[in-house]
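Turn these sequences into a full structure, and let the hints steer you where they fit.
Sequences listed follow chains A and B, in order. Mind the numbering: the first sequence is residues 11 to 293 in my numbering, read in order. Mind the numbering: the second sequence is residues 11 to 320 in my numbering, read in order.
There's no promise every hint is true.
Stated by the list, open to error - Computed spacing ranges between beta-carbons, pair by pair:
id, chain 1, residue 1, chain 2, residue 2, range
1, B, LYS142, A, LEU283, 32 to 38 Å
2, A, ILE83, B, SER141, 31 to 37 Å
3, B, GLU93, A, ILE83, 52 to 58 Å
4, B, ARG176, A, LEU132, 49 to 55 Å
5, A, LEU215, B, GLU26, 53 to 59 Å
6, A, ALA129, B, ARG187, 45 to 51 Å
7, A, PHE196, B, GLU40, 57 to 63 Å
8, B, GLU252, A, ARG184, 52 to 58 Å
9, A, GLY289, B, GLU40, 32 to 38 Å
As the list claims (entries may be wrong) - Some, not all, of what chain A presents toward chain B, calculated at C-beta under 7 Å:
id, residue
10, ASP23
11, GLU98
12, SER101
13, PRO109
14, VAL152
Unchecked claim - In silico EDC-like links for lysine to aspartate or glutamate, alpha-carbon gap of 16 Å or less:
id, chain 1, residue 1, chain 2, residue 2
15, A, LYS18, B, GLU108
16, B, LYS15, B, GLU80
17, B, LYS136, B, GLU96
18, B, LYS105, A, ASP23
19, A, LYS18, B, GLU112
20, B, LYS142, B, ASP171
21, B, LYS136, A, ASP292
22, A, LYS29, B, ASP99
23, B, LYS136, A, ASP23
24, B, LYS279, B, ASP266
25, B, LYS105, A, GLU22
26, B, LYS105, B, GLU80
Bear in mind the hints are in silico, worked out from the structure with no lab data behind them. Even glycine gets a Cβ: it sits at the ideal position worked out from N, Cα and C.
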Amino acid sequence: MSAVTVAKKEFEDAVRSRKLMAMTAVFALFTFGGAYLAAQLGEFFAEISEEGAQGTLDLVFALQTPASYLVPIIALMVSYKAICGERESGSLKFLLGLPHTRNDVVFGKVLGRSAVVAASILIGFAVGLGGLVAFVGSVSIVDYLLFTLITVVFGLVYVCLGIGISSLTRSTTRAAVGAFGLIIFFWIVWSFLLQALLYYVEGTLIPEQYPGWYVGLASISPDAAYGSALGAVFDESALTMASAYGIEDLPMIAEPWFGFVLLALWALVPLGLGVWRFGRTDL
Amino acid sequence: MAIIKLSNVTKRYGSETALDGLDLTVQSGEIYGFLGPNGAGKSTTINLILDFIRPTTGEVRVFGLDARAETLEIRNRTGILPEGVETYDRLTGRKHVEFAIESKGADDDPDELLERVGIADAADRKAGGYSKGMAQRLMLATALVGEPDLLILDEPSTGLDPNAAREMREIIREENRRGATVFFSSHILGQVEAICDRVGILRDGHLVAEDTIEGLRDSMPERTRLRVELDRVPDDSAGALEAVQSVDGVSEVSADGTTLVVTCEDRAKSAVLRAIEEYGVTVDDFATDESSLEELFMAYTEGDAQGVRQ
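See the structure below:
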């Protein structure tokens with residue numbers, strides 16, 4: 011119960027953040043723009059394949075790209091200061107001076123801030139839905155809800171990640187470097203390292219057949235796991251690593267269903283580490 | 011019955027020792043003033059009591075419960091005003107109090123508490139717009155939630171004007187009359203002497219004195235400040251100063267033109283005057299003032315305190 015009390019306070023506090031409102035607006039703008047682009051692409055594909063616009067694929071084009079870039083930013087923005095910011099300012103002593111354990115505080119923050127991120131995603135996707143209805147016409151509501159659900163899960167993973175990092179340090183600067191460094195790492199550094207490794211092993215950057223280890227390593231990041239999970243749910247070949255790299259024999263790590271396992275690991279391992287450390291440290 | 015009991019508590023940060031074998035007992039129903047200069051270890055002690063930090067060695071018990079293992083039970087019965095605490099800028103004053111009430115499972119009326127600390131009119135404003143003094147009052151209101159058996163106040167007068175500090179003391183007295191034990195820290199003696207039953211003075215991680223204010227006064231060798239007017243500056247003024255300084259019982263000498271101010275024990279007065287006159291000058295006038303409690307506190311916390319250490 012104590013964690014729920016903390017969660018309610020966290021929600022009311024964090025949802026009033028101006029930065030969050032601004033980022034939610036940007037996110038809504040992108041999903042709306044994505045809907046427009048999806049409509050254009052749909053027509054383009056309809057012309058070349060003469061099959062007509064595919065509802066679900068439109069959805070993916072419209073929403074996956076803005077979501078996979080903006081949801082991590084929003085979620086980390088909401089979460090990276092959650093613990094260390096209060097430690098730095100001293101308000102944590104007010105919070106922990108009341109009858110809450112340190113674990114209550116961490117889980118309360120995860121709950122409360124997850125709700126904030128979920129609200130932000132729902133607003134962005136509601137606007138995107140409006141765009142899709144306006145530009146594309148018909149949208150499968152079931153697909154849309156599934157897509158939303160998985161994206162919320164994706165957001166929660168980053169909230170856990172952010173709060174895990176936040177409870178490991180007493181400096182907000184370090185937490186910011188850790189959280190946003192991680193994003194940069196997966197967006198830029200990781201793929202660059204993989205390419206370098208590929209070139210080292212295979213002697214070329216564009217092998218005829220991508221080796222399994224390469225596809226496996228490329229599937230590890232939370233963003234790739236999000237793609238895999240979407241692929242698993244929609245059974246949409248366009249989303250999976252198999253189609254991206256044109257190989258049949260996928261390592262387990264790159265299997266679509268394994269995306270959910272990876273998401274769970276990305277949420278629980280850093281959070282568990284944070285909880286463990288925070289419970290033992292001097293404030 | 012001991013409400014707070016620290017037994018042989020040592021807290022080290024790396025090679026730095028913040029507390030060194032501290033023994034401290036606060037009895038049920040008393041107002042205990044915890045004094046010491048900044049950096050003496052007061053906040054470290056309070057943080058240990060609240061389980062914000064853990065002792066390197068030793069044991070901390072509150073209500074007879076282990077501060078670390080039974081921290082929830084302790085916090086349920088304790089109201090805390092941490093030092094220099096920050097509010098949640100985006101939440102209103104009332105929200106803060108409501109949160110404390112919900113956290114403690116209490117049934118207080120938030121407006122009543124805000125009224126009591128004098129910020130009822132700001133209840134619906136966001137705490138981010140509060141002055142330091144108002145934030146401090148708000149935090150006091152949250153500490154009063156649930157009629158705690160123990161109030162722990164860390165430098166409670168921070169940011170308060172003299173008037174507000176008086177109101178704060180009045181509230182502390184009321185709480186004490188209700189039956190609450192009060193433990194509060196300060197680096198300013200004046201805030202403590204008016205209301206404390208007992209005072210502990212901390213210096214460099216040691217408790218250098220613990221007594222009632224009266225007891226502390228008695229334990230001090232009587233100190234006098236002697237103000238001496240000379241007819242002229244002695245020819246060998248440096249030698250004269252040195253001579254006065256070396257009189258047994260003199261702790262401080264300062265000169266300003268023909269005025270000499272000497273802090274010394276009572277018994278040294280006439281020896282001081284004789285020492286000055288040996289340098290060929292005449293004492294035109296002299297006056298003494300009793301040592302103030304503030305000076306007593308200074309004597310404990312800075313300079314050489316051997317004379318007062320038991």
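Consistency of the hints with the structure:
{"no.": "1", "hint": "LYS142(B) x LEU283(A): 32 to 38 Å", "verdict": "37 Å, holds"}
{"no.": "2", "hint": "ILE83(A) x SER141(B): 31 to 37 Å", "verdict": "35 Å, holds"}
{"no.": "3", "hint": "GLU93(B) x ILE83(A): 52 to 58 Å", "verdict": "35 Å, violated"}
{"no.": "4", "hint": "ARG176(B) x LEU132(A): 49 to 55 Å", "verdict": "52 Å, holds"}
{"no.": "5", "hint": "LEU215(A) x GLU26(B): 53 to 59 Å", "verdict": "54 Å, holds"}
{"no.": "6", "hint": "ALA129(A) x ARG187(B): 45 to 51 Å", "verdict": "47 Å, holds"}
{"no.": "7", "hint": "PHE196(A) x GLU40(B): 57 to 63 Å", "verdict": "58 Å, holds"}
{"no.": "8", "hint": "GLU252(B) x ARG184(A): 52 to 58 Å", "verdict": "55 Å, holds"}
{"no.": "9", "hint": "GLY289(A) x GLU40(B): 32 to 38 Å", "verdict": "33 Å, holds"}
{"no.": "10", "hint": "ASP23", "verdict": "5 Å, holds"}
{"no.": "11", "hint": "GLU98", "verdict": "9 Å, violated"}
{"no.": "12", "hint": "SER101", "verdict": "4 Å, holds"}
{"no.": "13", "hint": "PRO109", "verdict": "4 Å, holds"}
{"no.": "14", "hint": "VAL152", "verdict": "37 Å, violated"}
{"no.": "15", "hint": "LYS18(A) x GLU108(B)", "verdict": "11 Å, holds"}
{"no.": "16", "hint": "LYS15(B) x GLU80(B)", "verdict": "14 Å, holds"}
{"no.": "17", "hint": "LYS136(B) x GLU96(B)", "verdict": "13 Å, holds"}
{"no.": "18", "hint": "LYS105(B) x ASP23(A)", "verdict": "10 Å, holds"}
{"no.": "19", "hint": "LYS18(A) x GLU112(B)", "verdict": "11 Å, holds"}
{"no.": "20", "hint": "LYS142(B) x ASP171(B)", "verdict": "10 Å, holds"}
{"no.": "21", "hint": "LYS136(B) x ASP292(A)", "verdict": "30 Å, violated"}
{"no.": "22", "hint": "LYS29(A) x ASP99(B)", "verdict": "14 Å, holds"}
{"no.": "23", "hint": "LYS136(B) x ASP23(A)", "verdict": "11 Å, holds"}
{"no.": "24", "hint": "LYS279(B) x ASP266(B)", "verdict": "19 Å, violated"}
{"no.": "25", "hint": "LYS105(B) x GLU22(A)", "verdict": "10 Å, holds"}
{"no.": "26", "hint": "LYS105(B) x GLU80(B)", "verdict": "27 Å, violated"}
Hints 3, 11, 14, 21, 24, 26 from the list above are not met by this structure, while the remaining hints are.
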